[in-house]
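Asker: Construct all of the structure, not just a fragment, from the sequences and the given hints.
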Amino acid sequence: MADLRWGLIPSWAKDSKIGVQCINARAETVSEKPSFREAFQKRRCLVPADGFWEWETMGKKKIPWKFARPDGELFCLAGLWESWMSEGEPLETFTIITTSPNELVRSVHDRMPVILAPGEGEIWLEGGGQDLLKPAPNDYLIKAAPQPNQLTEGCFDFMDNVSPI
1 MADLRWGLIP
11 SWAKDSKIGV
21 QCINARAETV
31 SEKPSFREAF
41 QKRRCLVPAD
51 GFWEWETMGK
61 KKIPWKFARP
71 DGELFCLAGL
81 WESWMSEGEP
91 LETFTIITTS
101 PNELVRSVHD
111 RMPVILAPGE
121 GEIWLEGGGQ
131 DLLKPAPNDY
141 LIKAAPQPNQ
151 LTEGCFDFMD
161 NVSPI
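In terms of full-length UniProt numbering, the sequence shown opens at residue 1 and continues consecutively.
Derived by calculation from the structure, the hints in this document are not laboratory data. Note that the coordinates shown come from a computational prediction; the quantities given were computed from them, not determined experimentally. Just so you know, not all the hints are guaranteed correct.
As the list claims (entries may be wrong) - Below, a list of computed lysine to aspartate or glutamate pairs in the EDC-like style, where the Cα atoms sit at most 16 Å apart: (1) 66 x 103; (2) 14 x 110; (3) 17 x 103; (4) 143 x 50; (5) 134 x 110; (6) 66 x 54; (7) 66 x 110; (8) 134 x 103.
To be verified - Between beta-carbon pairs, the in silico distance windows are: (9) 130 x 12: 42 to 52 Å; (10) 126 x 48: 17 to 27 Å; (11) 103 x 129: 35 to 45 Å; (12) 21 x 87: 13 to 23 Å; (13) 41 x 6: 14 to 24 Å; (14) 142 x 12: 33 to 43 Å; (15) 118 x 60: 19 to 29 Å; (16) 70 x 34: 30 to 40 Å; (17) 87 x 107: 13 to 23 Å; (18) 128 x 48: 10 to 20 Å; (19) 60 x 107: 15 to 25 Å; (20) 59 x 126: 44 to 54 Å; (21) 2 x 87: 36 to 46 Å; (22) 110 x 87: 31 to 41 Å.
Cβ coordinates follow ideal geometry from the N, Cα and C atoms, glycine included.
Answerer: Put into structure tokens, the structure is as follows:
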């Protein structure tokens with residue numbers, strides 16, 4: 001396990017600003033895009049998570065939805081990592097691979113992270129191909145949202161204010 005900064009900076013990048021554009025890599029093009037191609041071939045990682053958030057736009061409001069396992073267990077997202085030199089010091093960064101959404105996530109957003117099923121993590125790390133980069137089954141996740149009356153409070157703690165739906 002290692003701490004990496006989210007937002008992949010390719011080793012060839014001249015500065016770190018590209019990292020904000022590389023927080024996600026599309027499964028459909030990850031093996032072709034210059035920013036991700038080499039990492040896809042040589043530097044894959046697993047990103048542990050207990051859930052992920054997607055924001056639904058409703059009029060002028062954005063509503064955060066958390067997606068998690070029904071049993072609350074951790075799962076792994078497919079990722080890529082790079083080491084970039086910053087003033088002589090290595091900076092290790094990563095990106096999360098996204099794919100088309102399953103039916104549950106599609107109700108909120110047009111993308112979702114690639115969630116590796118149990119047993120697929122090792123295959124992914126060893127160079128397993130595009131067939132792993134698919135939406136998770138609908139029954140693998142549940143959707144939870146913060147309580148609506150809490151959304152306008154400045155000190156809102158999402159983790160303490162979610163309820164399954």
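Asker: Against each hint, give a clear statement of whether it holds in the structure.
Answerer: Structure-based check of all given hints:
1. Straight-line distance between C-alpha atoms of residue 66 and residue 103 comes to about 15 Å, which keeps the hinted pair within the 16 Å bound.
2. For the hint pairing residue 14 with residue 110, the CA-to-CA distance comes to about 31 Å; that exceeds 16 Å, so the pair is violated.
3. About 34 Å separates the Cα atoms of residue 17 and residue 103, which puts this hinted pair outside 16 Å; it is violated.
4. Proximity of residue 143 to residue 50 is assessed by CA-CA distance (about 12 Å); at most 16 Å being required, the pair is judged to hold.
5. As the CA atoms of residue 134 and residue 110 are separated by approximately 13 Å, the hinted pair is consistent with the 16 Å bound.
6. Using a Cα cut-off of 16 Å, the hinted pair residue 66 and residue 54 holds, with the two alpha carbons roughly 7 Å apart.
7. Straight-line distance between C-alpha atoms of residue 66 and residue 110 comes to about 15 Å, which keeps the hinted pair within the 16 Å bound.
8. Note on residue 134 and residue 103: the hinted pairing holds, with a Cα-Cα distance of about 13 Å set against a maximum of 16 Å.
9. Checked against the hint of 42 to 52 Å, the C-beta distance between residue 130 and residue 12 comes to roughly 24 Å, which is inconsistent with it.
10. Our hint of 17 to 27 Å for residue 126 and residue 48 holds, since their Cβ atoms are close to 18 Å apart.
11. The hinted window of 35 to 45 Å between residue 103 and residue 129 is violated, with their beta carbons roughly 25 Å apart.
12. At about 21 Å, the CB distance of residue 21 to residue 87 agrees with the hint of 13 to 23 Å.
13. In this structure the hint that residue 41 and residue 6 lie 14 to 24 Å apart at CB holds, the actual value being about 21 Å.
14. Distance hint for residue 142 and residue 12: a CB-CB separation of about 41 Å, consistent with the stated range 33 to 43 Å.
15. Range check, residue 118 to residue 60: Cβ separation about 41 Å, and the 19 to 29 Å hint is violated.
16. At about 39 Å, the CB distance of residue 70 to residue 34 agrees with the hint of 30 to 40 Å.
17. A beta carbon spacing of about 45 Å between residue 87 and residue 107 contradicts the range 13 to 23 Å that was offered as a hint.
18. Hint check: residue 128 to residue 48, Cβ distance near 18 Å, so the stated range 10 to 20 Å holds.
19. For the hinted restraint 15 to 25 Å between residue 60 and residue 107, the CB-CB distance of approximately 20 Å keeps it satisfied.
20. Under the hint 44 to 54 Å, the C-beta atoms of residue 59 and residue 126, about 46 Å apart, fit the expected range.
21. Take residue 2 and residue 87: their Cβ atoms lie about 20 Å apart, and the range 36 to 46 Å is violated.
22. As the Cβ distance of residue 110 to residue 87 is approximately 38 Å, the hint placing it in 31 to 41 Å holds.
The structure fails hints 2, 3, 9, 11, 15, 17, 21 (numbered hints given earlier, in ascending order).
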